[in-house]
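*Asks:* Residue numbers (the working numbering), protein chains in the order written: chain A, 1 to 357; chain B, 358 to 714.
Result set (PhoX-like, lysine-lysine): computed pairs, CA atoms no more than 25 Å apart in a straight line:
| no. | chain 1 | residue 1 | chain 2 | residue 2 |
| --- | --- | --- | --- | --- |
| 1 | B | K461 | A | K69 |
| 2 | A | K356 | A | K19 |
| 3 | A | K204 | B | K660 |
| 4 | B | K561 | A | K316 |
| 5 | B | K461 | A | K104 |
| 6 | B | K549 | B | K573 |
| 7 | B | K368 | B | K701 |
| 8 | A | K204 | B | K673 |
| 9 | B | K673 | B | K542 |
| 10 | B | K376 | B | K701 |
| 11 | A | K192 | A | K344 |
| 12 | A | K344 | A | K59 |
| 13 | A | K59 | A | K19 |
| 14 | B | K561 | A | K303 |
| 15 | A | K104 | B | K426 |
| 16 | B | K416 | B | K426 |
| 17 | A | K332 | A | K11 |
| 18 | A | K204 | A | K216 |
| 19 | A | K316 | A | K185 |
| 20 | B | K713 | B | K376 |
| 21 | A | K356 | A | K344 |
Think of the hints as simulated: they come from the structure by calculation, not from any bench.
2 protein chains.
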Amino acid sequence: MNTFSYEQLYKFTHDMLLKIGCPEVHAQIGADVLLSADMRGVDSHGVARLSGYVRLWEKGRINTNPNIKIVHETPSTAVVDGDKGLGLVVAPYAMNVAIEKASKAGTGWVSVKNSNHYGIAGYHSMMALEHDMIGISLTNASPLVSPTFSKERLLGTNPISVAIPADQEPPFVADMATTTAANGKLEILQRKGQDAPEGWVQDKDGNSTTSSNGVKDGGALLPLGGDREHGSHKGYALGSIVDIFSAVLSGANYGPWVPPFVAFLEPDPNPVGEGIGHFFGAMRVDAFRPAGEFKSHMDNWIKRFRSAETTPGNEKVLIPGDPERELEEYRKTNGIPLLDPVVKDLSELGQRFGVKF
Amino acid sequence: MNTFSYEQLYKFTHDMLLKIGCPEVHAQIGADVLLSADMRGVDSHGVARLSGYVRLWEKGRINTNPNIKIVHETPSTAVVDGDKGLGLVVAPYAMNVAIEKASKAGTGWVSVKNSNHYGIAGYHSMMALEHDMIGISLTNASPLVSPTFSKERLLGTNPISVAIPADQEPPFVADMATTTAANGKLEILQRKGQDAPEGWVQDKDGNSTTSSNGVKDGGALLPLGGDREHGSHKGYALGSIVDIFSAVLSGANYGPWVPPFVAFLEPDPNPVGEGIGHFFGAMRVDAFRPAGEFKSHMDNWIKRFRSAETTPGNEKVLIPGDPERELEEYRKTNGIPLLDPVVKDLSELGQRFGVKF
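Here chain A stands alone, though its shape is the one from the complex (with noise of 0.2 Å):
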């Protein structure tokens, strides 16, 4: 494990964007939605796929120079074509439109096609804070889940994230995959070699299962809930709300068609639809009250929920988006840690493309 600053993880990822074709504007755009990840603790969603995307690029995949535009809008609604660009590109660029359409409709829906992965969702939510906006963001992924009763993996952990702004206190940012655990949880797990707790994963012939390679081995995630009687058609349906939201409405690929992440596996020769797809919004709050009267009503809503009673063994009753913001701030100071593997992975690429890690 080395640990490495954030501006020398932002310039070699501007650097390699650049370097695959980039214009400067979304070199810095990617560059810093990749980076939130890390900065974030969402490891899995940060540099570590910086090799991921190149190789899609290298495969035609990727179109690091789209002509990304709105196809189809109303007042309060757009579909934004990518382009096959970056979704770390083509995400922001959507949100903004969701933003300038809350402006002067009160919301704004922006449904996205022809996209690639998008980093972290929170990202993109939160653009809408700073305009006193709830922003939204959903996105749809390769599949990995399977549906309650389903042995075939139909759905991608697609996350569903809400950031609320506050007054006085931070804002509220939930981020969270459809999922009981996320990938990344699980990758972490076989590392160690360590199983997986029960409700997580079933394997290739359905069963659940707490092997920790169960995905790897054919196997699927599973949706919140984790079986039946706790739930997971729940996660199920969210799951497909995701789907549907940020893929049927926009016109790209939903359910097992949207393409794989990895370079290696090719998409579907049939497809439903264009590329991947998300889903934004963003509401203004004093299209519903003042933006004072909310956020101060925030503050009090966070302060009581951040003050009650805890159970047995615990400090205290987190507000979703706290333990990404304490990281944040802690990595600010302290860097960035990265796995060995990972570093090897950056330094092998920085090599292949001549630029410096």
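For chain A, the structure is supplied; the task is to place chain B on it using the hints.
*Replies:* The following block gives chain B in isolation, referenced to the frame of chain A:
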């Protein structure tokens, strides 16, 4: 257990609502909403609740002749003041405002204050379907649920319903509490004297329990996920988002301040808002892509998921809304079964008000 026809129960509910002062049109809507729960198998939210509404009216907490109105609006948003009306009546009013906004601005979003319990969430979201719109319906509710790590009950079961139109296939209709299990399921186990599965309930000290009396004895329902290891922080975040959209946006009571449904418990003497809150959304599908295109892809989505290969011992993969729709078909022909205590309660109610049951 006795079985009653839809018409019988509709007439009784309608006549009872007239008797407590509802105008004719409100009595019709209220009975329609309440009965839809019985028809769809959400028995805890149907006629079994009628005497509860009546007791709240007797306490002066429900206004049966409310002046429901829009108090703030933009092209795509509104805040509705329910004037202490029956949620059964306030909610369809507000959903119609959302639909009307969507027909002009592409989408419509309505937050509601000063309301009461609104029946099943799915009734309201499904109102959007005939307009080729996606419908969304959320509500907060009396605190019965403890956030992750909290010993205190701070949230209601805060349901999320999303209804999405298809073409030849029946619509996708999710309608779920943001807890592992709805309180109604726990009450069934209580009546049978059976234990609850791990992950549904914690006791009054904040420890996990399998006692189905756990909530009655001062404990709490658990957010979807059950415990931290199984993602309960996600269920907690979802319930919180429902609370904030429904009440902090509108000016209703939120969190532990939400007034109790049962008339024998007094509301907090220092409320942070007015009544309980709801949130509704309507999105015209053709604000994104042509409705025919969208609906034919929804058919494809539904067929693919429904025909997925199943896990051992399960016959088919269900689409959200399938079980409720099938039960509705069945009960149309075979009537609605009511438990003996419910029949007794309704008979006594009818006698007290001179309405034939």
